[in-house]
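Chains as they are written, first to last, in numbering that gives the first Met the number 0: chain A, 0 to 249; chain B, 0 to 285; chain C, 0 to 328.
Derived from the structure by calculation, the hints contain no laboratory data. There could be a bad hint or two in this list.
Unchecked claim - With a cut-off of at most 30 Å between alpha-carbon atoms, the simulated BS3-like pairs for lysine-lysine come out as follows:
| # | chain 1 | residue 1 | chain 2 | residue 2 |
| --- | --- | --- | --- | --- |
| 1 | A | Lys-68 | A | Lys-168 |
| 2 | C | Lys-2 | A | Lys-131 |
| 3 | C | Lys-314 | A | Lys-105 |
| 4 | C | Lys-2 | A | Lys-54 |
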Amino acid sequence: MLKIEGLTKYFGGLAAVSGLDMSVNSGDIAGLIGPNGAGKTTVFNLVTGFLRPTKGRVTFEGKDITVKKPHSIAEKGMVRTFQATNIFPDFTVLKNIVLACHLKPKIGLWETVLHTRSSQHKEKDILQRSQKILGMVGMEAMADITAGTLAHGHKRLLGIAIALAAEPKLLLLDEPLSGMNAEEVSETMRVINRLWQSGITILLIEHNMRAAMNLCQRIVVLNFGKKIAEGSPEEIKGNNDVIQAYLGAG
Amino acid sequence: MSIGALAQSIINGFSSAGIYILVALGLTLVLSIVNIVQLSHGEIYMIGAYSVYYMVVSLGLNFFLALVISTLLIGGLGILLERLCFRPFRGQPDRAMIISIGLILVLQSVVLSIAGGTPRSYSSPFTGVLQILGASISWERLVILLIGFGLIAVLFLFVRMTKTGQAMLAISQDREGAALQGININRISAVAMFLGCGLAAIGGALVGSLFSISPTMGSFALMKGIAVIILGGLGSIPGAVVGGLILGLIDGIMPVLATTYLAGLIGFGAIIIILIFRPQGIWGHE
Amino acid sequence: MNKRLLIQILSYGVLIIFMFLLPLFFPGLYVTHVLILIVINIILASSLRLINLTGQMSLAHGGMMTIGAYTSTLLVMKLGISSWAALLLAGFSAAIIACLVGFPFVRLKGIYFSMVTIFLAQMVTLTVQQWRSMTGGSSGIYNIPRPDPIVIPGILNITFTSSVNCYYLVLVILLVSLIMLYAIEHSRIGLTFRGIQQSDSLAESVGMNTTGFKVLAFSIGCFFPGLTGGFYSQYIMAINPDTFSFLFAIYILIYMIVGGSGKFIGPILGAFILTVLPEVMRPLKQFQPFFFAGVLMLVIFLMPEGIVGLPRRLKVVAGRLFKEREERA
């Protein structure tokens, strides 16, 4: 589904990502791990159009998206979440999702300004879909809370819900469990698993090793911007290079 | 066009460039270090002109003495403004910009009520012309050019060689990083304001001595300053020099070939083109 | 239709009727002129707010007025086009220019965007001053005709030689403008604008073309000063490149900020109050800039949400006072 070939990004003289080759197949749930500063989020940024690669190619469902803008990549079905909590803080939780349903269904500019019957109908659909999405992440009860006042763990969950609103085929989760306590972690892991089971392909970055190993079928390990290992969780656990990378990085 | 006229216009161009660079440097220092679009920068420039005017005409001081005293006073004013008006809004540059708008009104009205609205002029301390290659180049222009570029050179040395200067450079490139390195943002912001306002004041005083002063002369300076920064690069100190040189030379040479307005237009046209392809300007890093 | 919307419509309706009746209570050329200025300022401040919904502060409104004024004037006087078509084209010309420069401009964030809008306005003025053959340069254009009469044979014959009729015309323009601005803001477009202001990257990640929307906001927002500039040139019957200066754009921003950029009615209140007050304070005219600056500082320091934020602020203060009482008891 997603093919990354020779992906390279230089910042000045420093190579944040160097010659990365990897792919994610439809139906996978894969993980991208590595010590701090390995370049994982940079890969996400490059792949989803937030950064322009210095070299390399990114193909999604057969189409070259290397230089495409994030919004058109989202339109094609690849949506990412953010490492730093990113929500619409002044809107209610529900409104966050309602807004994020921007792509599906498409409401025309004139339609919405004139408040035509068809646009009102679509908005009703959107409302229903939003409530369903909140249900999927277990936040239905918080629909009317102002997003900025949520606890950290719920904000992260909201971030995932927002991404879901765009009906992604491939969901890129950037450290979805960061800053969560044990209970929130297991809850979120359950959500991620449920999403995968519902047919969404998932690629996630995670620092929480146990979670990554538990959730993912396949893992790619990055260090200093290069891929150092790839395989199933068991293979990775025993891989010496991986162990060295984490020990070395302290 | 004779060599003389060309030489004259080139000198004019460079002296204009000098002024533009002074103003733009001041503006850019405040922009990149205090992180504010100091829209009343033009009014500071105007106050510089009036301050020197009064010291020379009413107090009979020597021009250079008046220049130095005014610069110090107005630099001090800048420090005060930073403390009272801008520091409370650190991190909210939009709000701070609005405050600077308020300052435009205040500063302009204060000068208007004290000095009245009619433009005034006074004879420059540097009279006479220099005869070179059949061209008459006024000493005034030459001195402005020398003072202007002299100051720019001093500023560059300051930035390069002093700790404070290096700190300023650091902050302009990476605010958070600089703070983490232990650089005292408060102190450096005050220095930046002092320098920024001082430079504007000197620019105004030099222009005031050459032409005339009026309470509305500030907006011209502000517009030029903004144009230079946009051309040369947002947040860039060397960019201000390059941008200032380009615009100054255009403004100096164009009027000989066409009209003054066309000069401004070409300058602005160049900027629009640059903006389309590189919105952060030649040297900028936003 | 829910109760809240009904109340809103009714209150705006009352306001509109009130404004239509004003010339009857306050006749006279001078007052009519002030009323026209109030209406113009409301349109300008409200349209500035639309641009501000995406988080951008534009200082180009003065330049847009100039574009509209000259477009309308040149179309009417050089090409003989009807003043009504010229009016619309004045609006569109401003919107189109905003759209063209908008694409590179909106890539810049916050204060840098504001800076380039200042620069844009300056560029407009310079173009007008330079293109003397078309625009008459710095001296401007005089003897601009008032709007063409509206004639429906047998039923209607409205001429605009009187200022009062011009006032009613601009009032109608206000009405239409406010309805348009309100509709846009309360549509999904407005929602998208506000989302972009809160998190540009998030909006982009779920498929919103943030650049496109920002340009849209800027273009639509600049349509109204274009239109208003066209009207103003026809009303005052003269224009020159310095009429709508940098200071002018600043004043409009002040109306919006003081009134409060958070609510639709904010700029309306701000424009109304700050246009009326200087007229009321005419004997103290020389203090006007001080007054404005003072009000601005007051608002920024103490009530950043503007006048519309006042009720909430008072509630907070009252709440705090009562809490202290409780704790002492």
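- Item | Distance restraint between Lys-2/C and Lys-54/A, which requires alpha-carbon spacing of 30 Å or less | Violated, because 59 Å separates the two Cα atoms, which is more than 30 Å.
- Message: Against the 30 Å threshold, does the CA-CA distance of Lys-314/C and Lys-105/A hold or violate the hint?
- Response: 41 Å, violated
- Message: For Lys-68/A and Lys-168/A, compute the direct alpha-carbon distance and say whether it is at most 30 Å.
- Response: With a Cα-Cα distance of about 17 Å, the restraint between Lys-68/A and Lys-168/A holds, given a limit of 30 Å.
- Query: Is the Cα-Cα distance between Lys-2/C and Lys-131/A 30 Å or less?
  - Reply: This hinted pair holds, its Cα atoms lying about 28 Å apart.
Hints 3 and 4 from the earlier list are contradicted by this structure; the remaining hints agree with it.
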